[in-house]
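Chains as they are written, first to last, in my numbering: chain R, 1 to 246; chain H, 1 to 246.
Take every hint as true, because none was put in to throw you off.
Taking lysine-lysine and the DSS-like style, the derived pairs with C-alpha atoms no more than 27 Å apart in a straight line are:
{"id": "1", "chain 1": "R", "residue 1": "Lys186", "chain 2": "H", "residue 2": "Lys10"}
{"id": "2", "chain 1": "H", "residue 1": "Lys232", "chain 2": "R", "residue 2": "Lys232"}
{"id": "3", "chain 1": "R", "residue 1": "Lys232", "chain 2": "H", "residue 2": "Lys186"}
{"id": "4", "chain 1": "H", "residue 1": "Lys232", "chain 2": "R", "residue 2": "Lys10"}
{"id": "5", "chain 1": "R", "residue 1": "Lys186", "chain 2": "H", "residue 2": "Lys186"}
{"id": "6", "chain 1": "R", "residue 1": "Lys186", "chain 2": "H", "residue 2": "Lys232"}
Calculated directly from the structure, the hints in this document are not laboratory data.
In this text the structure is predicted, and so the values were computed from the model without any measurement.
The chain contents come next:
There are 2 protein chains.
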Amino acid sequence: MTYCVGLMLKQGLVFMSDTRTNSGVDNISTFRKMFTWDVPGDRSITLMTAGNLATTQSVVSLLEERSKEPGERQPGILEEESMFQVATMVGNLLKEVIATHAEAGQRADSTFNATMILGGQIGDGEPRLFLIYPEGNFIEASFDTPFFQIGETKYGRPILVRAYDPEMSFEDAIKLLSLSFDSTIKANLSVSLPLDVHVYETGSLRNGRLFRIQDNDTYFLALSSGWGIALKDAFGQLPEFSFPEP
Amino acid sequence: MTYCVGLMLKQGLVFMSDTRTNSGVDNISTFRKMFTWDVPGDRSITLMTAGNLATTQSVVSLLEERSKEPGERQPGILEEESMFQVATMVGNLLKEVIATHAEAGQRADSTFNATMILGGQIGDGEPRLFLIYPEGNFIEASFDTPFFQIGETKYGRPILVRAYDPEMSFEDAIKLLSLSFDSTIKANLSVSLPLDVHVYETGSLRNGRLFRIQDNDTYFLALSSGWGIALKDAFGQLPEFSFPEP
Numbered sequence: 001m002t003y004c005v006g007l008m009l010k011q012g013l014v015f016m017s018d019t020r021t022n023s024g025v026d027n028i029s030t031f032r033k034m035f036t037w038d039v040p041g042d043r044s045i046t047l048m049t050a051g052n053l054a055t056t057q058s059v060v061s062l063l064e065e066r067s068k069e070p071g072e073r074q075p076g077i078l079e080e081e082s083m084f085q086v087a088t089m090v091g092n093l094l095k096e097v098i099a100t101h102a103e104a105g106q107r108a109d110s111t112f113n114a115t116m117i118l119g120g121q122i123g124d125g126e127p128r129l130f131l132i133y134p135e136g137n138f139i140e141a142s143f144d145t146p147f148f149q150i151g152e153t154k155y156g157r158p159i160l161v162r163a164y165d166p167e168m169s170f171e172d173a174i175k176l177l178s179l180s181f182d183s184t185i186k187a188n189l190s191v192s193l194p195l196d197v198h199v200y201e202t203g204s205l206r207n208g209r210l211f212r213i214q215d216n217d218t219y220f221l222a223l224s225s226g227w228g229i230a231l232k233d234a235f236g237q238l239p240e241f242s243f244p245e246p
Numbered sequence: 001m002t003y004c005v006g007l008m009l010k011q012g013l014v015f016m017s018d019t020r021t022n023s024g025v026d027n028i029s030t031f032r033k034m035f036t037w038d039v040p041g042d043r044s045i046t047l048m049t050a051g052n053l054a055t056t057q058s059v060v061s062l063l064e065e066r067s068k069e070p071g072e073r074q075p076g077i078l079e080e081e082s083m084f085q086v087a088t089m090v091g092n093l094l095k096e097v098i099a100t101h102a103e104a105g106q107r108a109d110s111t112f113n114a115t116m117i118l119g120g121q122i123g124d125g126e127p128r129l130f131l132i133y134p135e136g137n138f139i140e141a142s143f144d145t146p147f148f149q150i151g152e153t154k155y156g157r158p159i160l161v162r163a164y165d166p167e168m169s170f171e172d173a174i175k176l177l178s179l180s181f182d183s184t185i186k187a188n189l190s191v192s193l194p195l196d197v198h199v200y201e202t203g204s205l206r207n208g209r210l211f212r213i214q215d216n217d218t219y220f221l222a223l224s225s226g227w228g229i230a231l232k233d234a235f236g237q238l239p240e241f242s243f244p245e246p
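With these hints in hand, go ahead and build the complete structure from the sequences.
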């Protein structure tokens, strides 16, 4: 499993992804699921992946190939002129990779499927955030629906819905995402630290802060234990229930 | 969809279930998913159901039939001598009903499946809580795993995991379950008020408080809006994130 969230703020975009992959509970590994590209002054692009690892790695390798050898397969992720065109390209690539593997072998339903979150900004365009489906089509976030989740999305959703604020600072956004990940990690063994984080500031047109929250990160641990206490306090402050008259 | 929780406390058992059933988003109805039986001084039994409505109603009708005409099909739910035997009987009945319908018609995977939470106390036995699978087998709760959820379980789980305490009062348990249901209702259209509640007090050997939290319940509404504010406060009290040194 996997958990990734892309969050749209007035200030920019924040991405967080876990790094655990598993094929059964006795076969777990750590793989990066967040990939970034930039051409300073022109664009910053972030891609996060969930689903079949062979599929997602293949898509990313093809994108890397395209980005490294721009002459070979025009236009690559560094040449497309808008985020919409990048999303279209990534969607097509994803669909092709799934189709290729599905032809060759196993027919099991959705085995080779993958879903992706793509976000970034190119040139004069606004920052944009997309959710790309295995069929190659995609939807775009707006301030009505300001975040996308992929993978194990449910445990971490209530806190996002309750505490998200489009005006929040990047620091608060990372705190919020950390809580959402903590709830998910507590409930699903196949989601785990370390977590990759990328913070893109609107208009900067270059990758922003990119870092990894490690297993033993003191802030994350403090947040996790503090949240348990804070939730109990919050619970205590709510009005008491009293039984209805029989 | 459905959401039901059975919770084990030192003081007794608390059950809560929603009442929405749906077959597509344009075909929703209200059906009771919680059923109780008691013989005062001897036993109290509660059953909650999730899954195919035809299956669950059929199981409950058969149980009612058995309970109403004890001579016909011995022993019924009011005659079994332990909660374990009741769980075995309900599990077998569930398996039979699924098998009967599966033979007759549609072959779609898991279409007729259902899952149930069964709890109660009989005679000198301890209060017991079971989760019954469509295959007819079941698992039992203990204070290591003091609650069972069926239906749309994920959204409402983090708050249960964080705030549950085996020593908590019935009033606090209902408050906690209400929050868990509120998180679920906010995220999944196919879970909805009214909610049915049953509180069974250990050793009472009769049904306890049985009531319905209606759509316009002022306590539930106050809790729901208060929880949003309390969560934001709790969020604000947690330590601030600061970016690592580059």
